[in-house]
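Going down the list, the sequences are from chains A and B.
Heads up, the first sequence is in this note's numbering, so the first residue is 1 and it goes up one at a time.
Heads up, the second sequence is in this note's numbering, so the first residue is 1001 and it goes up one at a time.
If you are wondering where the hints come from, they were derived from the structure by calculation, not from laboratory data.
Note that beta-carbon positions come from the ideal geometry of N, C-alpha and C, so glycine has one too.
Watch out, some of these pointers could steer you wrong.
[Unchecked claim] For the chain B half of the interface with chain A, some residues (derived, Cβ under 8 Å), not all of them:
1. L1242
2. P1243
3. T1251
4. T1262
5. G1268
6. V1298
7. V1312
8. A1331
9. Q1360
[Unchecked claim] One-sided excerpt, in silico: chain B residues whose CB lies under 10 Å from chain A:
10. V1249
11. F1269
12. G1272
13. A1297
Now for the letters of each chain:
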Amino acid sequence: MTRTHRGIALALLVAAGVSGCRKTPETVATPTPAPPVPGQTCDSACQAARAAAEAAARAERERLEREAAAENARLSAIASARATLLTAIYFDYDASEIRGDARAALDAKLPILRANTAVQIRVSGHADERGSDQYNDALGQRRAAATKRYLTDNGIDAARIAIVSYGEQRPAVSGSDENAWEKNRRAEFEITAGQVTTPPR
Amino acid sequence: MRLSVRRPGALTLIAALVLMRGAVAHAQDSTLTVRIGLTYSPGTKPGVLVLPVNGEQGDSVRKILQRDLDFSDRANVIAGDAIMMDTSSDGSRGKFNYPLYARLGAVAMIQATQTSTGLHVAVHDVRTQKVERVKDFVLAATPLSPDWRQQMHAIADAIEFWVTGVKGIAATRILYQSGGRIWQIDSDGSNPMPLTSAGGLALYPAWHPKATHFTYTVMTDEGTRIVVREMGANGAGTSRTLPARAGSVNTSPVFSQPDGETLLYAHGFDSGTDLYAVATAGNDSPRRITVSRGMIAVSPSFSPDGRRIVFVTDRPGGLGLYIADADGTNAEALTPFNFGDKSQRTDPSWSPDGRLVAFQAEMGGASQIYSVSPRDRGSPKQYTNEGRNEDPSWAPDSRHVVFTSNRTGSWQLWILDTESGRPRQLTHAASGAKAGAWSPRLVVH
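Just chain A, same shape as in the assembly (with noise of 0.2 Å):
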């Protein structure tokens, strides 16, 4: 993550820095110089004046592909935020603790519930297939209200987060094994409202 923030800022910086040269090479093509004459020899002057036409258009490419990687970057940084956001958690059987590897995946969805404070979210809980429907419908509410009360224990405002409940009843992956029944003891988790427009800072 901190390698990804300081790429974030340094995109950020060169942005910016492209941005407040803007009008610089507009103040050296004025007064355009009159075009060589074919056949005539290019003077001194019409060199100076080619070479500050072709380096005022590098300049123009330049910063335009410096824009575009910027904003490039930037929508990166939103869309690997939203997934960092969006990250499922997974439970040990018949159990809402959260895991030491769920805690790493929430605290990473901290920072980015605290830089876009439009955002709302829903927290479903899921179990496995073994044991009761029933019993397993209250064992995935009890993991997405384990889930949202580690969030609020860390400072986001609970009335950004819904919590719902589906039991057994929409495994992610089908199967009735270890494998599948480590996949299906979740929690999942849906924007609701506003939207991820400011990557973590």
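Chain A is already provided as a structure; the job is to place chain B on it using the hints.
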């Protein structure tokens, strides 16, 4: 005790009368006075022979009666060619070949005759060669329609009562969930029909004890809700969704026994799930009746007198079955927690005669159906062992259970005779079937 119901030898009946108490004894008592004088060896199922039936629907009538008696597991239905080839029998002319029926093993012979108003049924005692019972049944529904079949099931139940002393369970239906909808199906597997609309996620149906309504759970993005639905004709009926906090889970609803005036269900939001009770009609606030303190209580089932409940909870000591008074007090473990025993016991169903609680026990992904007596709490008895088997629900005879099994590769409903161990597949739903709930005996018009 249960054997005496099937094998009414004089000694066992006396023993039964001495041992049985309360309502059960009363019910047995009444069977004594009306039961006809058929005699057959204790320990055997009475052989019953249904003569070919006259008229356009004769074959269907005979087939339904034979199948219902067979599915009851209380009678040995004598089929085969011998009776079809027998030219000396002709019910419509009063000609009966009793020695042949006896050779085939029949104790009772059923003579059904279609009349202008319905079906005339006579039960013959093969040994005494006498008609023991006669009744004219009115058949008002269109022949072969679902209502007509239901009327035929009711006739089969009456015949079973005359022959065995126990009323049959053919005139019943089973509710279940399939493809996000609640369905009903006849006890013989005919007429599967969806009751809720497509596009939802409807789960866990349960009957009103008078079969006038059913209740179920519907899962939405805003939370899981309880719906009470009227059981109208042809699946029609108004429904009411119980108000609930957004995002809360509300699941496993049941009506109270024996009146259905209270709904009991599990509700949870962000600090555990508890059982709540609310009046079925009106807008009272739900009352919490368990105190799980952040844990889970779910899946209640009432004793037939409505005074006790059994439910699932994960209180310290493991996920298992508890019983309590209907108001939640005096809760205690029904199945003791044994240290090192990691099996989960869930989905309890209290039998209509009060004698047993059926449940599912699961260990490491393999679940089976068991029962235990809530009175003496001995070792649970295992009913199934093929595939995974879940979510039992008792038939009104307290002898058969409907449950969900994946033994054929997909989840379907199966019916088990808990006395003989004989299973039969009830549903063949393309998208699978789960959460079977057996109706009470239905009033057939």
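Outcome of the hint check:
{"no.": "1", "hint": "L1242", "in the structure": "15 Å, violated"}
{"no.": "2", "hint": "P1243", "in the structure": "17 Å, violated"}
{"no.": "3", "hint": "T1251", "in the structure": "4 Å, holds"}
{"no.": "4", "hint": "T1262", "in the structure": "19 Å, violated"}
{"no.": "5", "hint": "G1268", "in the structure": "5 Å, holds"}
{"no.": "6", "hint": "V1298", "in the structure": "5 Å, holds"}
{"no.": "7", "hint": "V1312", "in the structure": "6 Å, holds"}
{"no.": "8", "hint": "A1331", "in the structure": "17 Å, violated"}
{"no.": "9", "hint": "Q1360", "in the structure": "7 Å, holds"}
{"no.": "10", "hint": "V1249", "in the structure": "4 Å, holds"}
{"no.": "11", "hint": "F1269", "in the structure": "7 Å, holds"}
{"no.": "12", "hint": "G1272", "in the structure": "7 Å, holds"}
{"no.": "13", "hint": "A1297", "in the structure": "8 Å, holds"}
Of the hints listed earlier, those the structure fails to meet are numbers 1, 2, 4, 8, in rising order.
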